[in-house]
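Student: Each chain is listed here by its residues.
2 protein chains.
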Amino acid sequence: MNFNEKTIDVKEIFTGNIIKVELQTVELCNKKKAQREIVRHRGGVAVLPITADNEIIMVRQFRKPFDEELLEVPAGKIEKDEKPEVCAVRELQEETGFIADKISFINVMYPSPGYTDEKIYIYKAEGLREGELFLDEDEFLNVEKYSFMHAVEMVKAGIIKDAKTIIAIMLLACENS
Amino acid sequence: MNFNEKTIDVKEIFTGNIIKVELQTVELCNKKKAQREIVRHRGGVAVLPITADNEIIMVRQFRKPFDEELLEVPAGKIEKDEKPEVCAVRELQEETGFIADKISFINVMYPSPGYTDEKIYIYKAEGLREGELFLDEDEFLNVEKYSFMHAVEMVKAGIIKDAKTIIAIMLLACENS
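Line by line, the protein sequences give chains A and B.
Just so we're aligned, residue 1 is where the first sequence starts under the working numbering, counting upward by one.
Just so we're aligned, residue 178 is where the second sequence starts under the working numbering, counting upward by one.
Honestly, I wouldn't trust all of these hints.
Derived pair list, reagent style BS3-like, types lysine-lysine, alpha-carbon separation capped at 30 Å [unchecked claim]: (1) A:LYS32 x B:LYS257; (2) B:LYS279 x A:LYS77; (3) B:LYS241 x A:LYS77; (4) B:LYS183 x B:LYS254; (5) A:LYS145 x B:LYS183; (6) B:LYS209 x A:LYS11; (7) A:LYS20 x A:LYS102; (8) A:LYS80 x B:LYS257.
If you are wondering where the hints come from, they were derived from the structure by calculation, not from laboratory data.
On a predicted model such as this, the values are computed, not experimentally measured, just so you know.
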């Protein structure tokens with residue numbers, strides 16, 4: 001059965017630097033109409049950096065929506081016309097100072113497909129060496145290293161709550177098991 | 178170091194049925210000001226239903242932000258004053274028709290903490306028996322069963338892209354390994 005929803009009308013609500021918001025009127029498969037609230041986002045990357053000693057590098061940063069500091073893998077928004085892999089290399093260095101000899105694609109995930117079209121491309125970074133940090137002007141974070149096993153335990157214990165970080169760690173754990 | 182961001186001003190942009198959008202002016206730890214685009218969401222639940230034969234039940238539904246049908250675990254938004262566990266029982270029956278003898282909490286995850294305060298509580302449902310379906314008026318979906326191993330393969334192959342579904346399956350795979 002085909003459940004496609006046909007767009008009847010699009011009302012632009014907000015255009016920011018990170019997100020755009022639109023309200024769509026759609027025609028359902030039963031011909032009735034419904035409203036869809038949609039957040040448009042250019043998409044992002046997440047990078048799981050693993051050292052030769054099987055440690056992973058994460059960043060702790062304050063996240064205003066939760067008023068809480070969260071432990072996450074380095075990540076960021078894809079710039080206009082930027083390829084996800086190029087973004088991964090850039091964000092890794094900007095946020096942690098590390099440069100990777102090898103960046104490999106793990107998977108893509110949709111954080112919350114009910115209302116946002118954000119896609120996050122997840123990469124693994126290996127062969128790390130230290131370069132310079134280039135944080136954005138309004139970006140403050142701590143770079144922290146954890147053994148891979150410790151990171152897996154922090155996921156299971158609910159200490160790591162960020163979806164992209166959980167997925168990167170669990171997919172790698174699965175690859176290694 | 179304390180990276181807290183103090184709210185200086187909140188501008189309400191949009192109030193919908195699913196999300197609210199606000200634009201905050203914050204004071205950073207270096208005393209400079211910055212803008213934060215924030216999507217408010219009441220939070221949701223995701224339920225991984227597992228049969229006695231080690232099959233999992235998922236739903237395939239059209240997601241307007243992607244104009245794509247996605248395979249996801251049953252899930253839904255928490256109603257006002259509803260406890261996540263009650264929401265899990267309700268959404269499982271509404272979307273799949275199944276009633277569970279046992280619902281257990283697996284974990285909580287933040288889909289995209291850079292701009293949304295949505296939290297998703299993930300549960301496992303066991304001891305399933307068939308009841309009645311109660312879909313929302315504008316909700317259309319197919320209920321599908323997969324062996325647990327097949328679901329893990331679909332995650333690894335990038336066929337399952339929804340974050341809550343990947344996390345539910347991978348955390349259970351990890352529990353079982």
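Student: Is A:LYS80 within 30 Å of B:LYS257, Cα to Cα?
Tutor: Violated, at about 38 Å.
Student: Is the straight-line distance between the alpha-carbon of A:LYS145 and that of B:LYS183 30 Å or less?
Tutor: 28 Å, holds
Student: Are the Cα atoms of B:LYS183 and B:LYS254 separated by 30 Å or less?
Tutor: Holds: B:LYS183 and B:LYS254 sit about 29 Å apart, inside 30 Å.
Student: Under the criterion that the straight-line Cα-Cα distance not exceed 30 Å, is the pair A:LYS20, A:LYS102 satisfied?
Tutor: Measuring from Cα to Cα gives roughly 34 Å; hence the hint is violated.
Student: Checking one constraint from the list: CA of B:LYS209 to CA of A:LYS11, max 30 Å. Satisfied?
Tutor: Measuring from Cα to Cα gives roughly 34 Å; hence the hint is violated.
Student: Is the hinted pair B:LYS241 and A:LYS77 satisfied, with a Cα-Cα distance of at most 30 Å?
Tutor: 22 Å, holds
Student: Does B:LYS279 pair with A:LYS77 here, judged by a C-alpha cut-off of 30 Å?
Tutor: 40 Å, violated
Student: Measure nothing beyond the straight line between the CA atoms of A:LYS32 and B:LYS257; if it is 30 Å or shorter, mark the hint as holding.
Tutor: 26 Å, holds
Comparing the model with each numbered hint stated earlier shows that hints 2, 6, 7 and 8 do not hold.
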